[in-house]
Structures are given as structure tokens and as C-alpha cells.
Amino acid sequence: MQTQNESGHTETPNGPLIGGAFAVLADRPLLGLGGGCPAFAVLDHRGGRNGLIAVQSRLEAPPRAAVLSALGNIPVEGVVSPLAHGPAPGPGGVPAWFVICSAPPGPPVWGEAAAGPAWREAELLNCLLRPAAAALERLHARHVTHRNIRPANLFRATSGAPVTLGCGWAAPPASLQPALFEPPYTATCLPNGRGEGSLADDVYALGVTLLCLAIGRLPMEGLDDDAIVRRKLEVGSFAALVGEERLPSGIADIIRGMLAEDPDHRPPPVLLADPAAARARRVAARPAQRAQVALDMDAGPVWNARVLAHSIATNPEQGARLLRSGVVDRWLRRSLGDSALAARLDEARRQRGGDTAAEEARADALLVTRAAAALDPLAPLCWQGMRLWPDALGPVLAGAGNDEVRCHSLQEMIDAEALAAWAAMRPERGDPLPLRGEAHQLRALMRAKGPGGGLRRLRYALNPLLRCTSPSLEGRMVVRLADLLTSLEAAAANPSQPLPIDAEIAAFMAARHEQRIDGDLALLATGDRAALAQLRLLAALQQRDRIVALPGIAAWLKPQLIPALAVWHSRQRRTVMQGALEDAGKAGNLPGMLAVIEDPTQREIDAREAKVAADGVAAIDAELARLLSQNAARTETARRIGEECALASALCCLAVATMAAVLS
Amino acid sequence: MAGRANAAPRGGGRMWLLGMGCGLLLVMAAPVAILAGVLLLPAGIAWQMERAQAATMTRIVTTAGLAMAIGPIVHLWSNGAGWAMTVEILSDIRTPAACWAAQGGAWLASELAPLLVGLALNLLAATRAARLRSLRKRLEADWGLPPAAS
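Each protein sequence line maps, in turn, to chains L and U.
Its first residue numbered 1, the first sequence is counted upward by one per residue in our numbering.
Its first residue numbered 1, the second sequence is counted upward by one per residue in our numbering.
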């Protein structure tokens with residue numbers, strides 16, 4: 001049976017329906033179909049469709065909102081496409097965010113941890129390369145990258161059938177990819193920091209996949225991620241991955257192009273659809289210059305500039321020391337023979353400033369960032385040991401969660417506008433001006449004062465599908481602003497804090513609200529007006545979402561609102577308003593409560609009457625002072641009146657006596 | 001009132017006229033003058049003692065004395081204004097006693113009347129102040145105004 005809840009979501013006894021149609025069957029997991037995320041069976045209540053899966057997102061790794069929006073619910077041929085997404089109870093009844101996708105046509109080509117048999121050349125070209133390249137081309141037409149291509153996320157119905165690309169939407173791009181399948185400049189990043197990348201990165205992952213299926217095993221087995229990245233940087237991806245393997249010559253040529261170090265040198269998917277043309281394509285890429293003598297660093301000997309960039313990015317303390325002392329400069333000039341690069345590093349070193357200890361640390365971090373970008377223009381932004389692509393800042397912030405060290409580091413990075421410094425050192429790889437503007441904007445947003453600012457706000461602003469992590473909303477999936485009030489109403493039954501809106505919810509509201517609410521959010525920090533500001537924000541939300549009654553939130557707010565009634569001067573009116581506030585609160589009418597406290601007409605009348613009363617009191621004080629000061633005058637008046645009365649009485653007696661004497 | 005420190009000295013012209021009047025009365029009607037003088041002796045004392053410019057108390061005492069003395073004087077005048085009649089009238093102790101008592105009472109009234117009137121005026125002022133304070137307290141309570149400074 002389906003019902004409509006207050007926020008308009010269709011619900012079943014098992015929870016709300018995603019997109020008004022899909023129920024997640026959390027008790028029916030589908031192993032290996034989620035592209036690295038847990039997947040579950042789906043019941044379509046509207047269309048009755050079979051062959052759908054629900055892919056669960058991890059809380060700290062939100063799904064790709066921009067991609068889900070770009071793809072809409074229009075399937076892409078050859079790809080496990082998203083159809084809808086939303087919250088639903090996951091395993092154990094814990095709410096989670098799910099992406100509903102079309103089901104893959106069959107099992108994955110390989111399991112996540114297991115390799116399979118090698119494919120023949122024809123099968124590689126017809127069943128893998130051509131259909132995957134076509135799918136990538138179709139995604140490219142929708143301005144979307146896949147970023148999750150590997151044998152465990154390729155599916156086909158039967159042997160000899162074309163592959164389908166699996167789900168890559170329920171987690172940040174490439175966050176679930178092993179380092180093996182990523183170019184070194186993304187493999188070195190934090191899992192959430194790999195960024196949307198480009199079509200060329202998908203081509204690279206497809207090239208590694210092609211290689212795996214050609215040789216029937218994973219290359220570079222036994223090496224950890226850092227060793228894989230280092231090896232790729234040292235000898236180049238193709239040489240590192242293929243090594244001494246014997247490949248069919250046609251396949252080898254294609255893979256060589258697909259694994260080119262420079263993404264601009266990799267063949268586009270439209271070319272891969274024609275393997276003969278892809279094979280014939282030759283791009284003259286200059287091999288990395290190798291030094292005569294290695295530079296010794298903690299991570300191992302360094303033979304070229306890209307490995308040096310990687311080494312100082314992964315070990316920034318040692319990197320900064322070597323840069324400052326001129327060791328790197330000498331090595332570049334004498335051993336590597338690249339004086340132009342040395343001059344660029346020298347320029348970066350001259351830009352280093354800083355006097356205090358904090359400034360020293362920041363200056364060192366900026367020096368390392370600039371140096372790494374100069375040494376390897378393909379390398380990502382590095383800051384205090386972290387590597388990430390600028391467009392992945394949102395997922396990185398989401399992944400940092402409550403990790404104070406990581407959050408502090410990210411805060412410093414934004415505050416120092418490291419993004420602009422990094423972009424300025426690699427102009428050949430992108431216009432630094434937009435990134436400088438973005439860096440300014442991020443810093444301004446982070447520096448916004450009050451509960452609605454800081455890193456928290458940035459985290460929600462850059463992650464449209466990140467749930468609010470307020471302790472009040474523990475165990476609830478609040479991702480959209482429309483879900484906030486109903487969740488707070490449920491939390492009001494057992495409030496954990498004096499007021500509903502805490503710093504986390506404030507940041508969430510600031511990021512999600514269509515209008516600017518910074519003024520009201522700033523008032524949240526003021527002790528006496530905080531409750532009223534909260535009421536104003538929540539009442540506006542109630543009106544916006546057309547929610548009829550929120551008695552729980554009203555009762556939560558009411559004790560804190562009583563002091564707000566002090567704005568009324570008249571005691572009698574205050575009593576009346578308190579009654580009206582109680583009535584509106586019982587009805588759960590937050591706008592009504594706000595209207596009681598902030599009625600402008602009544603407030604004006606009250607202020608006017610209060611002024612009249614104050615004037616009256618002043619007049620009374622003046623009159624009392626006059627009465628006190630007139631004691632002497634009153635005594636004189638009394639004397640004069642008394643004497644005149646006595647004289648008048650005597651005169652009357654005289655007149656009577658005279659009359660009596662004359663007449664007798 | 002007698003003995004006021006700031007009392008102004010009386011004018012010489014006025015004193016001269018009064019002296020001439022008294023002298024003429026003594027020459028023309030000595031018995032009447034003597035009778036009046038005895039009966040109005042307290043008024044004379046009051047006139048001598050009071051230093052205030054307005055001499056209100058003297059006027060009250062004199063007026064009251066005249067009111068009581070006018071009867072015997074008219075009686076003396078009607079009976080020829082002789083010395084025998086004067087002695088007869090003065091011999092009756094009740095006549096001068098009544099005159100003097102009236103003048104004493106007048107003095108007392110002139111002293112008490114300002115006190116009584118002052119009492120009444122102060123009572124009125126205190127009643128009004130109490131009413132104002134009560135109104136103020138009500139306004140303070142109704143409008144949350146600060147209490148009056150003590």
C-alpha cells in the first residue's frame with residue numbers, strides 16, 4: 001500500500017519510494033554489480049520493470065550530483081545508467097542514499113579480487129574496445145566522464161557479447177578505482193580527490209583494462225599504490241604496466257597510445273572505435289629526461305622531474321628543506337641539465353615569504369605546491385601531503401568528515417589560495433585566471449563569519465548530495481532542504497540541544513537555501529536573539545515547503561521564545577501575545593508564532609503607547625517634584641489666608657455689633 | 001506677629017496724625033476717650049508690639065475689640081458722656097473683661113487660623129502626591145518602566 005507523506009514523497013511500509021516509483025529491497029543484496037558500492041534489488045511500483053539495481057552511496061562519499069543531473073533519467077546505451085536517486089532505508093534500516101540504475105546485462109567480466117582468462121585479440125577489439133569506446137563517446141556527448149572503468153565494473157551477458165560499462169555515479173569520480181587503472185596524476189590523489197577528469201582519463205582506464213584482459217591478470221601485482229604511481233612516473237605508464245609482457249602487436253600499439261602520459265596524446269574514443277586508425281596514430285612524445293645522478297630522498301632515488309614532483313608532494317617537509325637549501329636547484333642544473341626548470345623553481349622560491357612560525361609553515365607549503373606544479377605540470381594540486389584536483393575539493397571535504405587534522409589542512413589550503421598559486425605555475429595546462437577567481441571565492445565563502453560560514457558551509461555548498469551531519473539528525477538522511485523540517489520534527493520528540501538549529505544545520509541551510517539567509521544566520525550567534533532568528537528561518541522553511549503543522553519544533557522553540565516577548569512594552573499585551581504564541585505553538589504554526597512576535601502594526605501601537613506612558617511618568621515625576629518644592633510657598637499662602645479669614649470674621653462681628661448698638 | 005525681625009518702622013506722618021486725633025478726642029470727649037482707651041488697651045499693646053508692615057494681627061485684635069467696645073461707648077455717648085457714667089461702666093468688670101477677652105480670642109484666632117489652613121493645604125498636597133505615586137506605580141508595572149529614583 002502506498003501513502004503520501006507531508007513532504008509529498010510516496011511511501012510504502014518499507015520506507016519512501018525513490019523517484020516516486022522505486023523501493024529498495026535492502027534484504028536482497030546483489031554482489032559485484034555496484035561498481036565497488038553495495039547494490040540491491042529494486043521493486044518498481046510504477047512501471048513494474050524488472051532488471052533494476054539500487055547502488056548505495058557511502059555517507060562520506062556522496063554521489064556525483066552533476067553527472068546524475070546531466071544524465072537525468074535517459075539511459076545511455078552500453079552503460080549502466082542512472083534512472084533516479086534518493087534516500088531509502090538500507091541494510092539494518094539505516095537510511096542511505098541510493099542511485100537506481102538499469103541492471104547490467106550479466107555478471108562482471110572479472111571479480112574485484114580475481115582475474116579471469118585472457119581474451120583473444122578479436123574479442124578484445126569487438127567485445128571490449130569498440131563497445132566501450134562507443135559508450136564513452138555517448139557519455140562525452142552528454143558532457144560526462146565515467147571514471148570507474150576496470151574489469152570488475154564491465155559486464156556482459158554471455159561470452160562473445162559486447163561489454164557494458166558499470167555504475168560510476170554513486171561515489172566521487174574514480175574514488176573506487178585502484179591506482180593501477182588511473183593515470184599517475186590521479187592515482188596519487190586522495191580517493192575522493194581525483195576529480196571529474198576528462199575523457200582521456202577514461203581512455204587510460206580502458207587501456208589498462210584492455211591490457212589486463214589481454215594478459216589475463218593484473219599487471220604490477222604485489223606493489224602498493226605509491227609504488228605503482230612511482231614506477232609509472234619513472235618509466236612511463238606503458239613501460240611500467242606492460243613490462244616484458246608479449247602482446248599482439250595491434251593491441252600493443254593501441255594500448256601504447258591509450259596509456260600516453262600526456263592526456264592530450266591519447267586517442268579519442270571515436271578513433272578507438274576504428275582500431276586500425278588507432279593503431280596507425282602516432283604521437284611524438286618526448287620521453288622524460290633522466291638525470292645522470294639520482295637525487296636521494298626518503299622515498300627512494302629520484303631520476304626525473306616528475307618523480308621529484310611526486311616525492312616532494314608526498315614528503316613536503318623534506319621537499320621544502322631541499323628546495324630551500326638549493327639542493328634541488330643544483331640537481332636540476334647539474335644532474336638533469338634542465339636550467340629552464342631550475343629557473344622556474346628559483347622563481348617559486350623567491351615568491352616564498354613568511355616571518356612567524358605559522359607563516360613559515362604556510363610559506364613552505366606554498367613553495368612545495370608551486371615547485372611540484374613547475375616540476376610536473378600534469379601533477380595535481382598538493383598541499384601538506386594531500387594531493388587533489390581542484391574540482392574534487394567538495395568530495396575531499398566530505399571525506400574529511402570530523403578528521404580535525406585534515407580539515408585544518410584543507411582550511412589552510414583554501415585560506416592560502418593554494419589553488420591560485422598552483423594554477424599560476426602551470427599556465428600551459430589551463431588558464432589560471434578562472435582558478436584564481438575560484439580560489440578567491442572559496443576563501444570568501446570559508447571566511448564568512450557565524451554559524452553559517454566556514455569549512456562546514458563549503459562542505460555542503462560543494463556537495464549538493466551530502467547529508468547533513470548534525471547530531472540532531474543522527475540516523476536520518478537529510479540531503480535536501482525539503483527534508484530538513486520533517487526530520488527535525490521527528491528529532492523534536494527527544495531534543496538533544498536547546499535549539500533546533502546547530503552550526504551544522506546552519507551551514508547546511510546556508511548552502512542549500514535558494515535565498516541569502518546570512519543575515520538571520522549571523523543572528524544565531526547572538527545569545528538573546530538566537531531563538532527568534534531560528535524561528536524566522538524555520539518559519540520561512542515551513543511556508544516554503546507548505547508543511548501544515550510542526551508542533552514538535554514549535555514546542556522545542558517555545559521556551560526559548562518567551563524572552564523574545566519582552567520586546568512588547570505593555571504587560572497586558574505581552575500576556576495576550578504569550579497566549580497567542582501558545583496557541584500557534586500547539587497548532588505547530590511557526591509562521592503564526594513569528595507573526596505574534598513580529599506583528600509590525602501592533603508593535604508600532606505598542607511603541608506609541610509606551611512613549612505616552614513614559615511621558616506620563618515624566619509628568620508625574622515633575623508634578624511630585626513641584627509638590628515637594630512648594631512647602632514654603634504653601635506655608636505663606638496658609639498664613640495669608642488664615643489671617644484674612646480671622647480679619648474678615650472680626651469685621652463681621654464689628655458690623656453686627658455696630659448695627660446692634662445703633663439700633664438699641 | 002509681634003517681634004518680627006524684618007518689620008519696617010512705621011511712617012512718621014501717620015504717627016503724627018494718630019497723635020493729633022487722640023489729642024483732639026481727649027480735649028473734646030475725654031470720658032469717651034478714656035473708656036475707649038481702657039477697653040482697647042490690648043489692641044494698643046498689640047499695636048506697640050507688632051512690627052510687621054501689614055500689622056494684620058493688630059487690625060484683627062483692634063476690630064474684635066471695637067466690636068465689643070462699640071456697645072459701651074454708644075451707651076456712654078447716649079447718656080451724656082460724663083465722667084460718672086464712665087466710672088460706672090468701667091466699674092462693671094464684665095465690660096472690660098469681655099472686651100479684653102474678645103481681643104485675646106482674636107489674637108489667638110489670628111495665630112491659629114494660618115496653622116489650620118496650612119494643615120488643610122498640606123493634606124491636599126499629600127493626597128495628590130499619593131494619587132500620583134499610585135498612578136506611577138501602575139504605569140511602571142504595565143509598561144515595564146524603571147521605578148522612581150529614591
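Calculated from the structure, these hints are not laboratory results.
Just so you know, even glycine gets a beta-carbon here, dropped at the ideal spot from N, CA and C.
It is possible that some hints are incorrect.
The following label-pair restraints were derived from C-beta to C-beta distances [what the hints assert, rightly or not]:
(1) U/Leu108 to L/Asp621: 40 to 50 Å
(2) L/Gly20 to U/Ala141: 56 to 66 Å
(3) U/Ala141 to L/Gln560: 23 to 33 Å
Quick partial rundown of chain L residues pointing at chain U, CB under 8 Å, derived from the structure [claimed, not checked]:
(4) Leu481
(5) His569
(6) Ala613
(7) Leu627
(8) Ser629
(9) Ala638
(10) Glu643
(11) Ala646
(12) Ser649
(13) Leu651
(14) Leu654
(15) Ala657
Verification of the supplied hints:
For U/Leu108 and L/Asp621, the hinted distance range of 40 to 50 Å is satisfied, since their beta carbons lie about 41 Å from each other. Range check, L/Gly20 to U/Ala141: about 59 Å between beta-carbon atoms, so the 56 to 66 Å window is met. Separation of U/Ala141 from L/Gln560 is about 25 Å and conforms to the stated range, judged on CB atoms against 23 to 33 Å. A cut of 8 Å between beta carbons decides the hint on L/Leu481: the least distance to chain U is about 39 Å, and the hint is violated.
A cut of 8 Å between beta carbons decides the hint on L/His569: the least distance to chain U is about 5 Å, and the hint holds. Because the smallest distance between the Cβ of L/Ala613 and any Cβ of chain U comes to about 4 Å, under 8 Å, the interface hint for this residue holds. Annotation: interface hint on L/Leu627 holds; nearest CB of chain U at approximately 5 Å, less than 8 Å. The beta carbon of L/Ser629 is not positioned within 8 Å of any beta carbon in chain U (closest approach about 11 Å), and the interface hint is therefore violated.
The interface hint given for L/Ala638 holds, since its Cβ lies 3 Å from the closest Cβ of chain U, which is under the 8 Å cut-off. Proximity of L/Glu643 to chain U holds as hinted, the smallest CB-CB distance being about 5 Å (cut-off 8 Å). Checking L/Ala646 against chain U by beta carbon gives a least distance of about 4 Å; that is within 8 Å, so the hint holds. The beta carbon of L/Ser649 is positioned within 8 Å of a beta carbon in chain U (closest approach about 7 Å), and the interface hint is therefore held.
Interface hint at L/Leu651: satisfied, since its Cβ lies 6 Å from the closest Cβ of chain U, which is below the 8 Å cut-off. The criterion of a C-beta within 8 Å of any C-beta in chain U is met by L/Leu654, whose closest approach is roughly 4 Å, and the hint holds. Interface hint at L/Ala657: satisfied, since its Cβ lies 4 Å from the closest Cβ of chain U, which is below the 8 Å cut-off.
The structure shown violates the earlier hints numbered 4 and 8.
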